[in-house]
Amino acid sequence: VSTTESISWDGVGHPYIPDRAAVVRASAQNLTFFEGVEEVDPILYEVIRHSLVQLTDDHGKVIEALSGSPITLYTNDFNAGVLSATGEIITLGPYVQLFSAMMDTVICWILENRSASPGIHPGDMFLTNDPWVGTLHQMDVGILAPVFTDAGELISWVGNFAHHYDVGGTIPGSFIPNATDVFDEGVPLPPIKIVSGGKLMQDVEDLFLRHSRRPDIVRMDLHAQLAAAETARRKLEGLCGRYGNKTINGVMHRILDAGEKAFMERLGQIPSGSWSAQALLDGAVEGDRGVYRVCGTVSKSDDGLTFSNAGTDPQAGILNATYATWRGSVATVLNSTLAYDQLFAIGGAMRRVRFEATPRTLSCASWPGSVSCGGLIGVHHTLLMTHLTLGKMMSASDSLRRDVLGQQAACMFPVIPIAGKDANGRDFGTGILDGMIGGLGAFTFRDGIDTGGLYFIPKGRAANVEEAEDMFPILYLARREKPDSGGAGQYRGGNSFEVMFIAHGTNEIMHTTASGGVGVTAGMGLYGGMPSCPNYYGFVRATGIREALSAGRVPSHLDEIEGAVESLPGKSSGAVQGPEDVYVMHATAGAGYGDPIRRDPAAVLLDVALGRVTLAGAERMYGVRIAGGEVEADRTRRLRAQIAVARLERAEGDAHPGSRHAVEDVHQIGAHFGVVAIGDSLRFACTECGSDLADASGNYKDGCRFSDRPLEETNMLAVAPEQWVDAPVVLREFYCPGCATILDSEMTLRGAPSLRDTTLHDPAGLFTTARAGV
Amino acid sequence: MTATDELIIGIDIGGTFTDVCAMLPDGQLWSTKVSSTPPNFERGFLDGIEALAAGMETDVAGLLSRVSRIAHGTTVATNALLTRQGDRVGLIATAGHGEASLIMRGGGRTAGVTADEMLRVRDSGKPEPFVPRDRIREIPERIDRNGEVVAPLDRVATRQAVQSLLEAGTEAFAVSLLWSVRNPEHEDQVRSIIHEVAGASTYVTLSSDISDRVGEYERTVGAIMNAFVADRTNQYLARVDQGLRDERFGGPLMVMQCSGGVANVERIAAAPITTLQSGPVGGVIGSTYLSAEIGRNNLITTDMGGTSFDVALIIEGVPDRASGTVLDRFDLYLPTVDVRSIGAGGGSIAHFDEPTGRLRVGPQSAGARPGPACYGHGGTQPTVTDASLVLGFIDPAYFAGERLTLDVDAAQSAIEPLAARLDLSIDESAAGIIAIAEHLMADLIRGMTVERGYDPRQFDLLAFGGAGPQHAGNCAEEVGARSAIVPLGAVASTWSALGVAAADLTVAVESAERLEPPFSADEIEAITRRLAEEATERLATDAVKSPVQLSFEVDVQYQGQIHQLSLPLDPNILRAEVDLSAHLADAFTAQYARLYGEAATLPGTPVEIVVVRARGVRRTSKPGFARSTRRDDGSGVEALSRQAYWPSERRRLDTPVYRVAGQVPTGHTWSGPVIVEMPHTTLVVHPGQTAATDDLGNIAVTFGD
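Read top to bottom, the protein sequences are chains A and B.
Going by our numbering, the first sequence opens with residue 118, and the numbers climb by one from there.
Going by our numbering, the second sequence opens with residue 1034, and the numbers climb by one from there.
Bear in mind the hints are in silico, worked out from the structure with no lab data behind them.
Be aware that one or more of the hints could be misleading.
[Said to hold, decoys possible] Heads up, incomplete: computed chain B residues facing chain A, CB under 8 angstroms, no partners named:
| no. | residue |
| --- | --- |
| 1 | Leu1079 |
| 2 | Leu1135 |
| 3 | Gly1141 |
| 4 | Glu1174 |
| 5 | Gly1180 |
| 6 | Val1183 |
| 7 | Arg1393 |
[Unchecked claim] Computed list of chain A residues with no C-beta within reach of chain B, every gap over 12 angstroms:
| no. | residue |
| --- | --- |
| 8 | Ala139 |
| 9 | Phe150 |
| 10 | Ala585 |
| 11 | His773 |
| 12 | Ser814 |
Note that the coordinates shown come from a computational prediction; the quantities given were computed from them, not determined experimentally.
Backbone N, C-alpha and C define an ideal beta-carbon position, used for all residues, glycine too.
When you get a sec, could you build the whole thing from the sequences and use the hints?
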């Protein structure tokens, strides 16, 4: 980590960013680290490694089994891990990947701040929910348990994190969409010792539970975590006893070293350079109509990757992510891309990932900013920046291009927090988690996956409609896939879903919206891929639904319901659903890859036939005309030509088509452009028509023309942003001056300078080293 | 034999082999194996009977005249689903909810896949739907969670939906309406309408007939898959039935179900999906049958084939169950014996994974074709079987009943590159492959026992299937089980067929009403009475004479939690003067503490009942097992020897090999290192392990002193 000003990264005023070596040196005065390492043969290595993975999986299963909240169960909003004595990640479970890079920093914090007082001893466990030490938000509660050898040396840690239903704050559920700062929210607790020498500290438990509206549920989850951690610790001690401490330590070190080595070998297949992206967020807090910019950059050098958030707006309202969230997002994407074969053991790779952090920003918020919605908002804008920057970086590698993950659905997670009293007068309060239905963004070689879940919570599920109705006083009129929701592109983003429900078993449901992305979508595409639809929340009021149902009419589409539509902003509280009101929601979907008019018309036809894309969508987004179940080839060709002409007619910029290069030997950089060698010079060129763009050491966008598109033209379900924000938000498209293919696009404000998104540090190297991995 | 002899035959048909087992009245067992004959599996069925008759030196008619019952485990339904060859199904669903089976709760990419596959997001995807969108029709109707009709069924729209599905080429109907488990009225009405419109012979599956559980996605998938396989399975069973009648067989034909019981062909016709995975379940039932005979109530059963290693638990003589299963990433509700698998079979491939520096075994498998390198069918990658062969654990000339001569050189060549990469000798590498495979097996077993609060030290491991006994001793020792048992000698390789023959008629019915404390004994008693009646009705048959035995269970959870435990419910307690709520809470807490530790319990938190279940059993007649009365002189055992590499000794030793062609001799003890060969299976007894035979023909391996 490096910054320009002198910042105390202590987890108090600013996020905690440890220097692990220094932490270990300092804490070694108060405790003894086990340092013996024995080389193990590959067979024993695999046997023990598998045992550690199994132990971790089982650790998670216990939490899953004993948890008291549907949130934890259905969203798998927990994870468990084994870490080295110094807090490097050895294994993680297949649950929420965001916790990937949290336990390790929390352990460093404990080593640094707790080894002297109250001390770290065998049988202890620490509890924390402090976002500045290392959680997404206060509802994520971590339990960290040191593992000691018989001789009292610290050899390892086991830990888990789980989302708790309510840890206080002004609104049930602890997502506070109108928070001014952290003092409106659940109280962050830096690591405190909740189990001492194997004994539960009742005073500490009481202190923790006292903050919650539902201490019964929170207690259930806490006990689940403690029991699971204790079981995992005993198993790890058992492994140490069986194979010897040196052997176990040897395996842990080898997992880290192997992970690091594999990661570096993969990075070796990527050209050196920097890739940047930006996005805009709508509304910082309830009632706000502002627009906020997040920026991300990844730089690849021979030492590893460096992520920067430079250019990101100052922290605001509830949009904030702490450093832990940002780093967790990076680790999450790496787990499924550049470290997919490490079985969630991300510790080795993370040795080669650095952060240039600017504090007091949306992606690295300082105390006392509001962070309670970090799990719904902060996670997703940091994931978005990681998807876009890593995606662009990996697109420049022939061997890794297919591993790119686009932005997925349910970004700005559309949880539906509801509360009230049921027919029996009992309080209910929960979040409906249909967002788990998700949908994957487009890949670079195939479409995203409609309603394909959230890849970073691989075992998460939406509840069945019946299960949800059994738990909450609601009745669904519909839950279905949403056509046209996925971002258009040469490869289409996966569709998301829509739901409609009425109150049933209560006369009144209080609704909160706590994410956003309703005016400006967070589903941004890559290299010409279009954005997905934004989130939508709203009511149809006074519908006469009860009478309709009694009469045997069961409306299940919006156009079958009569009444006044009332859309909800992305952050709101206190909206009431009465007996005749229908609640309607649809979620952001997966974003696209590449220019949609480059999509195979046959693929569009299939989408239409299967109901994934409407006829109108085929025409407007893809320039494909379909009639009588077939593509009208001539009209489609003409329509696409018209679209291309229109793009260049409205485009700004003084770039003009120059020379055309042969592109057979191009090194591809984006979906539709790359670098060609022309004699001694290296030039960016369009790979569709060969048009020259710019010198390869410069900015290819200098050779593009561009146009600011109204957002509502970029997705069939997009709304005019002015409905929710005051700033002139547009999608700026960059066109090849020769053939008008969209080479890239960015969410920006009309008149704002364009982002330089791709910088090659060594273009000549493209034609030597970068191909080595092919 | 006399005409009064009553034989019981079990036939289990798998994808490759058809296993046949006959139980004689004196407890003698006869078994044989023939090739399966897909897609016309009934030919293999009759081939099997013929082979059995030949083995018993009689003809088919002669054999069948003495058979009192034939029980059959079929793979037809499984095969139809795996090859996607079944009926064109149309789905009728509640308005607004027709896409549940397409959305798959967002889990369609990851259900049942390994962690490695989960992480390879770019290669992941949802399975092709069995019912695509254009054969789904939504109808206006709605029932709520209390089973109350919110919107009446629109009969006109339903007729139109049926008509339009017929026009779309629908051959079989699945009907899945929300909350049909709490009120099946609308589903019943839809069935009548389908029969009116499409004809009374049209096959209709109602989701409420497949499962009693809340959860429309898994129930819908169950209904769809049932409709998909129904015609093929039922026609197949009809052909088998007819074939037997043609041979003048007059006894009952029973069919094995994945729930662990058999049912007659008429019952199966309503829900042929229940024959899914009945082969592996048959093996577990065979083990249950044996467990009573040998007085070992807690068993870990293991079955190892070419691609997978299957494990199930028998607790206090009863197989552990699950309420659903995963098939090709589809979750479905289907009451089943809980058989878990990992990709560690004889054909599992070993490879060195460069990015992680690991020697990995499986889950990729060479399958049956090309199979292990030593099969000589063109396989070049080293497998577990190749490793066994190289180490000398299996005899190249005496494998799988001498069907195949194995190529040792090919096995060595396959392992050689791996050995070079590992910088180990070929023997050491082969031992490493086996060690890892056995560790994977042990971890699965450990997960299934320890994680459910069972102590493996109170279990014996039973190993059947061709390859299992090679690894049984080490697996059992690794998990700390009391012993590893290879059951009944030659029958071990046709174990599923024995289980099928021995299976009882079983049924489970449950009520999905949620009951909150304080519990009313009267209310629960009314439910149990209703369930008892239904269970009894569903077990009605002339094929079995024994009475219906009923038992009851409740699934209980802490209020607010979703994790449930099943507790036995003694009906007498409902009539006794006890505080029912306190009684259940205490029983729940005790089991909870056993599973998760005292610290996890939540004193003061009320418990609620989410399911009340009745289980009905009608026992089929079984002869028991024949015990050898004489001490065998071992004349049936051929003593051989060969060089084998023993990992614990780190060297090759001249090792005694005992080849048992017929009956396993009684009262023999063999101390490892030793290899015991039977026609279809090989038992490897490592140094420090002892194998002993009993008077049933079981071989038990024990450890240490």
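Status of the hints after comparison with the structure:
Hint status for Leu1079 (chain B): violated, given a least beta-carbon distance of 44 angstroms to chain A, over 8 angstroms. The interface hint given for Leu1135 (chain B) is met, as the beta carbon of that residue sits about 7 angstroms from the closest beta carbon of chain A, less than 8 angstroms. Below 8 angstroms, beta-carbon pairs count as interface contacts, and Gly1141 (chain B) has one with chain A at about 7 angstroms; its hint therefore holds. Below 8 angstroms, beta-carbon pairs count as interface contacts, and Glu1174 (chain B) has one with chain A at about 7 angstroms; its hint therefore holds.
For Gly1180 (chain B), the interface hint is violated, the least distance from its beta-carbon to any beta-carbon of chain A being 12 angstroms, above 8 angstroms. Annotation: Val1183 (chain B) was flagged as interfacial toward chain A, and the flag holds, the nearest CB pair being 5 angstroms apart, inside 8 angstroms. Evaluation of the Arg1393 (chain B) hint against chain A yields a held restraint, the C-beta minimum of about 7 angstroms falling below 8 angstroms. Look at Ala139 (chain A): its CB is around 30 angstroms from the nearest CB on chain B, clear of 12 angstroms, so calling it non-interface holds up.
For Phe150 (chain A), the requirement that its beta carbon stay farther than 12 angstroms from each beta carbon of chain B is met, with the minimum near 24 angstroms. For Ala585 (chain A), the shortest C-beta to C-beta distance to chain B comes to about 10 angstroms, within the 12 angstroms cut-off, and the non-interface label is violated. Residue-level check passed: His773 (chain A) sits 38 angstroms from the nearest beta carbon of chain B, beyond 12 angstroms. Once the 12 angstroms rule is applied to beta carbons, Ser814 (chain A) is consistent with being away from chain B; the minimum gap is 31 angstroms.
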